[in-house]
Amino acid sequence: MSTSSGSPESWISSFCSLLGHEYFAEVSEDFIEDDFNLTGLQSQVTMYKEALEMILDVEPEDDEDDEDEEEEDEEDISGDGRDGLAGRHERRHHSRIASDLSVIESSAEMLYGLIHQRYICSRAGIQQMSEKYELSHFGVCPRTNCNQTRTLPVGLSDTPGEDTVKLFCPSCLDVYVPPNSRFQTVDGAFFGRTFGALFLLTFPDYDLTKSGGEQLANLTRTDESLNINGMWARNIAPGLGKGRVYEPKIYGFRVSELARSGPRMQWLRKKPEDITVLDEARHFAEEDGDSDDDDENMNMSGRPVTRRRRAGNARVKRQGQNGSPMATEANGAESEL
Amino acid sequence: MAGMDDFVSDSDSDYTSYWRDWFISSRGNEYYCEIDEDYLTDRFNLTGLNTEVQYYQYALDLITDVFDLDCDDEMRETIEKSARHLYGLIHARYIVTTRGLAKMLEKYKKCDFGKCPRVMCHSHPLLPMGLSDVANQKAVKLYCARCEDIYNPKSTRHSAIDGAYFGTSFHNILFQVYPALVPPKTTERYVPRVYGFKVHAAAALVRWQNKERGEMRRRLRKMEVDSGFAKVDGEDDDEDEEEEDEEEEMMEDAMDHNPAAVVQYRGAGEVATLQ
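Going down the list, the sequences are from chains U and Z.
Basically our numbering = 1-based index in the first sequence + 1365.
Basically our numbering = 1-based index in the second sequence + 481.
Next comes chain U alone, as it looks inside the complex:
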């Protein structure tokens, strides 16, 4: 785990250990110190420089050093940011005014959250989040038919101040309010809209269902090695489909769809019994085989194509070579995300 290189009492670790901040990953200092990763954040946070210094546990310089902060700030950071920050590490003296401190503190939290949104979509960050996921740090789906599938923290907006953090269940592809009210003060933008779905694409081999028995039940229904639409068939909404849709009954008799109070929302939890129905490209090729399919995956003769493990593996491998976040090389290129 590439966490912060600072002391255990760093601002970042104390922020992440606060009550309600259990979902946060500790952003590595390397990531924060790479200015490219902070592009555009300056305009979103007041007292940006001070907030950044607070996050990195750097004591502020004397005022004479930077009178007009905004411009100097930019130059400093884009020029020799790394050296400057490292140098400032040494000087530890308190020159902040108390009233400023609370402003800076809240700015630092905002800034950290916005950096966090980017970090967890980077190679190192998503890896760190996967470790937290495996430890069930993000809780489980409250839906009964999801059998305690582990959830992922997501935002419904990338703009801070709009909504609080939600939990995305990969088993039913729906979002839920965290059970504990302490998370209702955590901004959803600090996790962002992308993380949840990106996580599933990054780790396609994850066993999305925790319990073993359930996994077996899935295997009997779908071929384990079947790859559909870029995902293993077994990982496409395992909590949905036949047997996972609630059927309202009165004294054992199903309530009719035609009743005023009959079921109307079952489509939301349905899934085709034959999952290959969702392979739209294949069906398109079958029905319109002679049209414009110059794509390698298409079957020219219109015969059914069953993508077996081999094809799937090749695809996953190709992704790896293209700089997938899963690759384990040095993470200098993480800013590409």
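Honestly, the hints are just simulated from the structure, not real lab data.
A portion of the hints provided could be inaccurate.
[Claimed, not checked] Lysine-lysine pairs mimicking BS3-like chemistry, simulated, CA-CA at most 27 Å apart:
hint	chain 1	residue 1	chain 2	residue 2
1	U	K1607	Z	K703
2	U	K1614	Z	K591
3	U	K1635	Z	K703
4	U	K1614	Z	K692
5	Z	K666	Z	K596
6	Z	K591	U	K1635
7	Z	K703	U	K1497
8	Z	K596	U	K1614
9	U	K1614	Z	K619
10	Z	K692	U	K1497
11	Z	K591	U	K1607
12	Z	K666	U	K1607
13	Z	K635	Z	K619
14	U	K1607	Z	K692
Got chain U sorted already, so can you dock chain Z onto it with the hints?
Same frame as chain U, now just chain Z:
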């Protein structure tokens, strides 16, 4: 049930005053409503329960506040436990009566059973329900009338309650009796996205589900039944087609950089219009 022992410490309180009052106001028993004295004293309502519960008569006496047996603590605890079980079993019958439904409806309106955790349900109140009418099989679950799905209670003290104390039918009967309370249904849903682009596997499933919904609404319209969706019914088809169009414009599979995605898209649009 496990968890029932949690009440042991409280149970020393005076048996003489209203047991039911104490029981429903105990921590963890928020889901129960108070059963009328009249209902409890009509033996017809209790048919068959005498074989389900140990020390049935003593337990019933305790519930109806006429318990006056002089016994040791161990015996008293056993009877107390039976009384709680018996109360639950009677409760399952009581809440489907007119009076019981009305009482549970009040609690539903006060959100005594919690709110739906699903974001798109916007904190719609829940109703307790069982997955079995037989005791000691499944714990209580919570039903959301808006998304028509069932959820686990948040608190462990509630997840220890037997689902049979509410039964499999109660929440459905409630909406049969009070059809005006059926909440309007929405097609609003979460769609996973990566940097604004839909994820192909999830989006394909959403398209399939939308088609299912469209078929259901057509079926209902044919039978001249109100589908209960918030929007005007006549616009169903147009609306569905619009959705497809919008989806067609979007490029999915952003992460895959898969040239097939474009074709898959066109495919999706055409398949949809064919049907």
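Hint check:
Under the criterion of a C-alpha separation no larger than 27 Å, the hint pairing U/K1607 with Z/K703 is consistent with the structure, at around 25 Å. Between U/K1614 and Z/K591 the alpha-carbon distance is near 25 Å, which keeps this suggested pair within the 27 Å criterion. Proximity of U/K1635 to Z/K703 is assessed by CA-CA distance (about 22 Å); at most 27 Å being required, the pair is judged to hold. Distance hint between U/K1614 and Z/K692 is fulfilled; the C-alpha atoms sit about 25 Å from each other, no more than 27 Å.
With a CA separation close to 16 Å, the supplied pair Z/K666 and Z/K596 stays within the 27 Å bound. Taking the CA atoms of Z/K591 and U/K1635, the gap is about 31 Å. The hint is violated against a cut of 27 Å. Proximity of Z/K703 to U/K1497 is assessed by CA-CA distance (about 51 Å); at most 27 Å being required, the pair is judged violated. As the CA atoms of Z/K596 and U/K1614 are separated by approximately 22 Å, the hinted pair is consistent with the 27 Å bound.
Using a Cα cut-off of 27 Å, the hinted pair U/K1614 and Z/K619 holds, with the two alpha carbons roughly 16 Å apart. Our distance criterion of 27 Å between C-alpha atoms is broken by Z/K692 and U/K1497, whose separation comes to about 37 Å. For the given pair, Z/K591 sits about 34 Å from U/K1607 by alpha-carbon distance, which is inconsistent with the 27 Å threshold. A C-alpha spacing of about 22 Å is found between Z/K666 and U/K1607, which places the hinted pair at or below 27 Å, so the restraint holds.
Proposed proximity of Z/K635 and Z/K619 is supported: the alpha carbons are some 16 Å apart, at most 27 Å. Taking the CA atoms of U/K1607 and Z/K692, the gap is near 17 Å; set against the 27 Å cutoff, the hint holds.
Hint check: violations occur at hints 6, 7, 10, 11; the rest are consistent with the structure.
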